[in-house]
Amino acid sequence: MQEIEAAVRQFIVKNFVMARSRGAIAGGDSLMEAGIVDSTGVLELTGFLEEEFEITVEDAELIPENLDSIDNIVGYVARKTGMS
Amino acid sequence: MTTLRALDPNVLRLDAPVATEAITQKLREVVHQRMKRKGAVVGISGGIDSAVVTFLCARAFGPEYVHGVLMPERHSSADTLRLSRSVADGAGVRADVEEITGLLEAAGCYARQEEAVQRVVPEYGPGCRFKVVLPSVIDDDRYRVSSVVVAFPDGKEVTRRMPLDAYLQVVAATNFKQRCRTMLEYYHADRLNYAVAGTPNRLEYDQGFFVKGGDGLADVKPIAHLYKTQVYELAAYLGVPEQVRQRPPTTDTYSMPQGQDEFYFSLPYGKMDLCLFARDHGYSEAETAPTVGLTATQVGRVFRDIDGKRRTTRPLHLAAQLVEHVELVDP
Numbered sequence: 001m002q003e004i005e006a007a008v009r010q011f012i013v014k015n016f017v018m019a020r021s022r023g024a025i026a027g028g029d030s031l032m033e034a035g036i037v038d039s040t041g042v043l044e045l046t047g048f049l050e051e052e053f054e055i056t057v058e059d060a061e062l063i064p065e066n067l068d069s070i071d072n073i074v075g076y077v078a079r080k081t082g083m084s
Numbered sequence: 001m002t003t004l005r006a007l008d009p010n011v012l013r014l015d016a017p018v019a020t021e022a023i024t025q026k027l028r029e030v031v032h033q034r035m036k037r038k039g040a041v042v043g044i045s046g047g048i049d050s051a052v053v054t055f056l057c058a059r060a061f062g063p064e065y066v067h068g069v070l071m072p073e074r075h076s077s078a079d080t081l082r083l084s085r086s087v088a089d090g091a092g093v094r095a096d097v098e099e100i101t102g103l104l105e106a107a108g109c110y111a112r113q114e115e116a117v118q119r120v121v122p123e124y125g126p127g128c129r130f131k132v133v134l135p136s137v138i139d140d141d142r143y144r145v146s147s148v149v150v151a152f153p154d155g156k157e158v159t160r161r162m163p164l165d166a167y168l169q170v171v172a173a174t175n176f177k178q179r180c181r182t183m184l185e186y187y188h189a190d191r192l193n194y195a196v197a198g199t200p201n202r203l204e205y206d207q208g209f210f211v212k213g214g215d216g217l218a219d220v221k222p223i224a225h226l227y228k229t230q231v232y233e234l235a236a237y238l239g240v241p242e243q244v245r246q247r248p249p250t251t252d253t254y255s256m257p258q259g260q261d262e263f264y265f266s267l268p269y270g271k272m273d274l275c276l277f278a279r280d281h282g283y284s285e286a287e288t289a290p291t292v293g294l295t296a297t298q299v300g301r302v303f304r305d306i307d308g309k310r311r312t313t314r315p316l317h318l319a320a321q322l323v324e325h326v327e328l329v330d331p
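Protein chains in written order, with the numbering used here: chain A, 1 to 84; chain B, 1 to 331.
The set of hints was computed from the structure by calculation and includes no laboratory data. Fair warning: there could be bad hints in the mix.
The calculated label-pair distances, taken between Cβ atoms and stated as ranges, are [said to hold, decoys possible]:
| no. | chain 1 | residue 1 | chain 2 | residue 2 | range |
| --- | --- | --- | --- | --- | --- |
| 1 | A | A24 | B | H317 | 27 to 35 Å |
| 2 | B | R245 | A | R79 | 48 to 56 Å |
| 3 | A | E58 | B | G239 | 45 to 53 Å |
| 4 | B | V326 | A | E52 | 40 to 48 Å |
| 5 | A | P64 | B | A296 | 12 to 20 Å |
| 6 | A | I63 | B | Q25 | 45 to 53 Å |
| 7 | B | M35 | A | G23 | 44 to 52 Å |
| 8 | A | E33 | B | D280 | 40 to 48 Å |
| 9 | B | A286 | A | E33 | 53 to 61 Å |
| 10 | B | T297 | A | E52 | 31 to 39 Å |
| 11 | A | G23 | B | T312 | 17 to 25 Å |
Every residue, glycine too, gets a C-beta built ideally from N, C-alpha and C.
Could you build all of it, start to finish, from the sequences and the hints given here?
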């Protein structure tokens with residue numbers, strides 16, 4: 001789980017300019033509400049998760065419960081990869 | 001207990017003669033007095049917005065000082081040119097046809113579009129058509145991510161979600177269309193000493209449904225404050241041809257036909273207008289829902305979509321930013 005979180009955090013901070021200028025992001029912060037991720041960002045994030053963790057993100061899984069915070073993303077990836 | 005105030009379905013009703021007078025007066029003020037230009041060029045698409053702008057400009061400047069430019073391309077629908085001509089004829093303005101397929105081929109518009117589509121749907125080939133669609137915003141809380149729909153010559157269709165690079169390339173290549181059209185509008189404006197009148201309505205202007213340097217670029221935007229419903233009301237008052245007023249709004253952008261509501265807006269324009277008005281005038285989801293025929297949950301999703309588009313597209317409205325203020329130019 002910690003490895004997933006580290007990879008996700010690193011990707012978000014490196015790729016989304018609003019994440020860089022914002023400073024610390026709490027695990028439960030809404031990435032959408034904070035303006036860190038927008039609709040294009042969702043595509044970028046999805047592409048990263050599929051490549052990095054070798055998973056397929058189904059259309060029905062493109063929901064805030066899976067992708068709107070670092071905690072949610074980590075939990076989602078853990079479930080998909082059988083690590084939870 | 002909180003009392004609900006119902007959203008009046010007629011809240012957007014327009015006093016068409018008053019609106020027309022205000023717009024034509026402003027057009028003359030901007031074009032004649034501030035820009036020192038004689039008239040206006042309008043790109044006529046066959047749609048309702050450019051039709052209304054053409055008729056308004058003809059009223060403001062006189063039809064002899066309005067020049068229409070009709071700019072179909074390979075993917076334009078078959079009736080685009082006929083409807084556009086009916087607008088120019090109806091308003092009594094001169095119009096040139098500038099077929100832009102050659103320009104777009106030279107820029108690589110189609111080849112770049114198809115190359116990106118092929119990365120998503122490798123079976124895409126000669127005779128195939130495509131469009132880019134978004135899922136409905138009202139059905140669930142899913143993020144709205146674009147998919148490409150490919151229609152094969154045998155009638156079969158496939159829909160696949162687009163990865164970021166393919167999506168951005170299709171959009172970037174498609175934007176050549178709006179930018180080529182704007183380039184030609186300014187050619188005619190420069191040779192005639194006219195201004196360019198842009199055609200966005202309030203939904204498009206507010207929600208960022210335009211291309212920067214393309215249809216987002218104009219000298220004056222006379223209907224950018226009007227909801228689409230009001231544009232239709234004005235069209236009826238101004239005498240825009242019936243066939244143009246009856247045509248459903250279309251993007252007329254991809255090789256497959258496409259309504260604006262499956263590409264960008266989450267609802268048909270009448271409901272979208274009311275939701276936008278409600279959002280900006282403090283109506284709650286529950287107050288808006290019965291008027292637009294949705295549940296309060298669905299209206300909440302539309303409100304969030306409105307807010308999200310505003311956040312995402314605000315930079316499109318920015319003028320070029322300077323490092324230091326330049327007095328005399330921008331006092």
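Hints, one by one, checked against the model:
In this structure, A24(A) and H317(B) meet the distance hint of 27 to 35 Å, their C-beta atoms being roughly 31 Å apart. Range check, R245(B) to R79(A): Cβ separation about 52 Å, and the 48 to 56 Å hint holds. Remark: the range hint 45 to 53 Å for E58(A) to G239(B) is upheld by a beta-carbon distance near 51 Å. Checked against the given bound of 40 to 48 Å, the beta carbons of V326(B) and E52(A), roughly 46 Å apart, stay inside it.
At roughly 18 Å, the beta carbons of P64(A) and A296(B) sit within the given window of 12 to 20 Å. Distance hint check: the CB atoms of I63(A) and Q25(B) are about 50 Å apart, consistent with the given range 45 to 53 Å. In this structure, M35(B) and G23(A) meet the distance hint of 44 to 52 Å, their C-beta atoms being roughly 46 Å apart. The hinted range of 40 to 48 Å is not satisfied by E33(A) and D280(B), whose Cβ atoms lie roughly 20 Å apart.
Separated by about 22 Å at the C-beta atoms, A286(B) and E33(A) break the suggested range of 53 to 61 Å. Range check, T297(B) to E52(A): about 34 Å between beta-carbon atoms, so the 31 to 39 Å window is met. Remark: the range hint 17 to 25 Å for G23(A) to T312(B) is upheld by a beta-carbon distance near 22 Å.
Hint check: violations occur at hints 8 and 9; the rest are consistent with the structure.
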